Amino acid sequence: MEMEGGSSSGSAGGTQTHHRFSPMRSRAFYRFTQQNLPACKPVLTPGWVIMTFLIMGIVFVPVGLVCLHASESVVEIVDRYDVECIPEAYRSNKVAYIKDSSISKNCNRTIKVQKHMKAPIYIYYELDNYYQNHRRFVKSRNDKQLLYGLKYKDTSSCKPEESSNGLPIVPCGLIAWSLFNDSYAFVRDRGEMNVNRKNIAWKSDREHKFGKHVYPFNFQNGTLIGGGKLDPSIPLSDQEDLIVWMRTAALPTFRKLYGIIEEDIDADEIITVHLVNNYNTYSFGGKKKIVLTTSNWLGGKNGFLGMAYIAIGTSFVLISVLFALIHVKYPRPRGDPTYLSWNRKSNAS
Amino acid sequence: MEKQTLPLSPNQLLLRGCSLRNTEYIVGAVIFTGHETKVMMNSMNVPSKRSTLERKLDKLILALFGCLFSMCLIGAIGSGVFINRKYYYLGFFGDVEPQFNPDNRFVVAILTMFTLITLYSTIIPISLYVSIEMIKFIQSTQFINKDLNMYHAESNTPALARTSNLNEELGQVEYIFSDKTGTLTRNLMEFFKCSIGGEIYGTGITEIERGRAERSGLKVDEGKSPTTAVHEKGFNFDDPRLMHGAWKNERDPEICKEFFRCLALCHTVLPEGDESPEKIMYQAASPDEAALVTAAKNLGFFFYRRTPTTVMIRESHVEKMGKIQEVAYEILNVLEFNSTRKRQSVVCRYPNGRLVLYCKGADTVIYERLGDGNHDMKRLTREHLEQFGSAGLRTLCLAYRELNTELYEKWNEKFIQAKSSLRDREKKLDEVAELIEKDLVLIGCTAIEDKLQEGVPACIETLSRAGIKIWVLTGDKIETAINIAYACNLINNDMKQFIISSETNAIREAEDRGDTVEIARVIRHSVKQDLNRCLEEAQQYLRTISGTKLALIIDGKCLMYALDPNLRANLLNLSLNCSSVVCCRVSPLQKAQVTSLVKKGARKITLSIGDGANDVSMIQAAHVGVGISGLEGMQAVMASDFAIAQFRFLTDLLLVHGRWSYLRLCKVITYFFYKNLTFTLTQFWFTFQTGFSGQRFYDDWFQSLYNVIFTALPVIIVGLFDKDVSASLSKKYPELYREGIRNMFFKWRVVAVWAFFSVYQSLIFYYFTTAASQAGHNSSGKIFGLWDVSTMAFTCVVVTVNLRLLMACNSVTRWHHLSIWGSILAWFVFIFIYSGIMTPYDRQENLFFVIYVLMSTFYFYLALLLIPVAALLGDFLYQGFQRWFYPYDYEIVQEIHKNDPEDSSRIELLEVANHLTPDEARSYAISQLPREKSKHTGFAFDSPGYESFFASQQGVFAPQKAWDVARRASMRSQQRKPRT
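Top line first, the protein sequences correspond to chains A and B.
Heads up: the first sequence runs through residues 1 to 349, numbered per this note's numbering.
Heads up: the second sequence runs through residues 1001 to 1980, numbered per this note's numbering.
Bound conformation, chain A alone:
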């Protein structure tokens, strides 16, 4: 073989670059360049398809049943009160009613409990058509200020609720400004029920996102009042209402935790809710509901997961049966060369 001067130097350079390769690596490199890496070649045979679907179905249906059962075992009572809590006289002009601070907003609702509810019973309020995920809304907060309070000055993200009367607002921003401020009290025959309003926010929020030494300042002092007021003597990390409210919801219909009743409610018991209907959802036609629910390992009542599991699982089984039927009725011999397109064509002609 002829070897030019240049080529030997070229190969010498190549040798050096490969010098440190171990035998294993050089072999791997060889197989790489020759595109001959060891590989498994899955072929989607009908057997595989049918078995996969069947196994998936067999796994999914029971999981779905368990989830559905868990969801069904939850007792949930939902009561819409936004319309009923407005006196008949104001029904035609709800917004005027809610904005008029001189009128008492107290309202009583009676809830009949159908099934025994085991403590803890969670109280949620549910809002509708409320775009907590609106871009203008979501970004109108300042996490640094929530943590450091007045020490943190740059609150431009809080527009248009960054300052009022020339002084900064703590907590600033639209989210805090629009804090939900309906309040509920629950009375049963034996007397008033104790509502625990602690530990309703995620621990991570309480401890790391809201400052322990940050107190509300200049809050809701403007001409326009959006929602609830905060006690300036309680640090933000303890204002769990606010913390819950400020974990913005994903969808325009959402529930937020209000409190926890830590006693059982028996079946057929009648609960009276003394509520103060302060919050304005009437401007944009949003509903307000109060929800009482028990909970278990899966959480509250949500049949979706269970139903989805069952639906998908059943469809897996159905499809596998369907495939098996088709397979039996119109079998295609595996790897039959007559199915190759060029063979098919020549057969046809």
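For the record, the hints were derived by calculation from the structure and aren't laboratory data.
Predicted model, so just to flag it, every value in this text is computed and none were measured.
Certain hints may be false.
Per the computed footprint, the stretches of chain A lying under chain B, defined by three or more beta-carbons under 8 Å from a beta-carbon of chain B, are [to be verified]:
1) 106-116
2) 174-182
3) 241-252
4) 290-297
5) 335-344
From the three backbone atoms N, C-alpha and C, an ideal C-beta is built for every residue, glycine too.
Go by the hints and put chain B onto chain A.
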């Protein structure tokens, strides 16, 4: 210079491309330059080539842009409609910025439009181009350049991908335009067979005969060729009945003698060098002549000296076996060869006074001039001629005529007269020649093999099974071209041949008249007529379902007129209906014109392959240009996109590398399309529930890293390693290539299927996660916020999209697993870190602790199982269904060979290797080396001589390092001085 006048003659001429040696400078004048020179006329602008797939990709991207704008438009209109003062909590007081100002809904819509464009911009796969470039680069530098199947050991040349952006184009080639000389053939004429007095001599088998025999199931035994056979350049003939004087025992030794004398005498060859049979060199006008004289030498009639009037022949075995005598023949007249005569004659006088005219020429002209009698032999010889012709051999008929002195003298006077005439000398000479070249006695015929490059017929056969049509564009004569087409199996006798040639009487007459305008008119007219006639006939043939294949042979002069805009459509129509097309006598520019005719007119993907400077424009004109890095210099290689050492490597280049590249890139592109669309659509569905405000569903970092980290690597791995069937199966079933020609994997239909499933999946992602997240999610009754839900959805998207890729893989290596599971893992690692820290920067800590909150609930795990499975359900169903009822060809081949052990193909190849020629076996052995000696491969890079060492142990010679040859080749190209 110094006021001297220096004459310039051809001796002072330096041709283009010369390089200056041994002097610092020269003083020169430039002559023959400008736009009218041959070089400039034949040159074209160097085009920048992009692959058809990329062009189609551009369309896809455009479609995505359209999609993006319509999505944004919907969002923008929605936002204009939605914005309203009634949503007081959005703080519409004081100075509301224009984007949310309910008083000017139009501005809101416009501004939201821009917000949404940035939000949905993920739909445009920007990283796709980068990924594709990366994949292609590795494909070409690591796979094509280092493929040992395309490494030519003799010349130490590997394949060389000179550009990396046409790999996938190789998988869709439908038309190959090939040069002849140097590409299909070696430009080596070898005396192969002959027929003397109605008897065939010569035992060789041409490649085409071998191919035919193999197809009909005959096993061709090749091994018995005796080692004693003389084989030198121009002579590849062996028959014990003729060699070494054995012809004396044949039925008719006299005619054999005439045959040999005719070979030795009737030519215009000049001997050079030593007057011994081993060292003599023959200088001939054509390699055929040299081959014939060499044949005579080897058969015992050694022509060694030529004087102006005599030819000296050293004759062996003439009078009795073993006797060698030197005979001087007096050459009285030479009637030279030209293209109209198609024959050549000499009149010679033996030392004993016998006067003979020896003539050799094309069978048509010789048969016209034969004397009466001996019909049997004429018939037999004609049969032999046809046999040789269909075997792809070049034939010449030999004949002689005894002359008596009287007749000769009379004729010679006329001849001398004609020779000395001043006007129309050639015409007169031809006429005089006619007078004596008649009543010839047929001796026999010769068959010369225009030696094909190794494996060419097999390669062409494979390529045509792959649905590729091969056109031969050559500067050679029409006969030669047809011969080669036969030899390469492009044309056979079952085909209907359409010949459009300028060598017709009408045209010749017109040419004789010499009026250029008239000539042009006549040719144009006849070409037009021919084209229309052929087209009609062709359509008739196509209408009858007899399956007759058509072939078109056209020469350069006719082509010039056929390429005229008026006739172009007809030409294209006709040629596309033909399974093979041969264009002969074409100029380099015409080669390019034909190429672009098909490229632009038929919109098919074309590949040009050639080796010489005259192929450069053709190589540049085609979609893909392939240069043969052979003997004819580097111009073709320099202009090409891929360089290979041998024509036969085209099989590997197209069927293996091209097909894989195409499949892989289709997969990569459609997958990219899918994953970005899916991701963006989840965002889009979310927009509907945020009052069209353009709120992000995902955190900024998720969105930016989605394409960069969480889904980037697996798709590159697939682009590199995915293969549907192995290389040997790709070549075994060349028909698989047709899927590429038909562009089966990147049709709009395929894209639509992906799009459908990405809509389906995005709906699942969005609605399942949100619907399932409504109530409280663990026993403490706490509720998820926006970022919890979006993190959940994003996790599902990353997992699903990666698993979807796994489902699309045809072969799964550990790299696939590593990258796919690695990407999913990377997401979790990222989110663990990202949501675990609070940064001192001013940013919204939306995601703080989100993943930990999520993972503390059962919901997370249930959803993580449910949603990807539900999302992939559709794809899985579709794949199973499609595979079962409408399988792709490759899927069936996969099934046929599913149970083949991984290495079986290689064992087959090993068996093949045993039947290879020594040269092939050697290169094969090299390709086997590292595998066979895997335990020792460690030496591979330690000492440069390692391979030779092992090779010599295995009894083969190996060059030192196969991997490094690419570099070596490029080094050599720099060293080699340019030639023109």
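Okay, the hints, checked on the actual structure:
1. Here's how the segment 106-116 of chain A fares: 0 of its residues keep a CB closer than 8 Å to some CB of chain B, so the rule of at least three is not met and the hint is violated.
2. Using a Cβ-Cβ cut-off of 8 Å, 3 residues of the segment 174-182 of chain A lie near chain B, which meets the minimum of three, so the contact claim holds.
3. Note: the segment 241-252 of chain A has 7 residues with beta-carbon separation from chain B under 8 Å; the three-residue rule is met and the coverage holds.
4. Coverage of the segment 290-297 of chain A by chain B holds. Counting CB-CB distances below 8 Å, 4 residues qualify, and the rule asks for three or more.
5. Three residues within the 8 Å Cβ limit are the bar, and the segment 335-344 of chain A against chain B gives 7, so the coverage statement holds.
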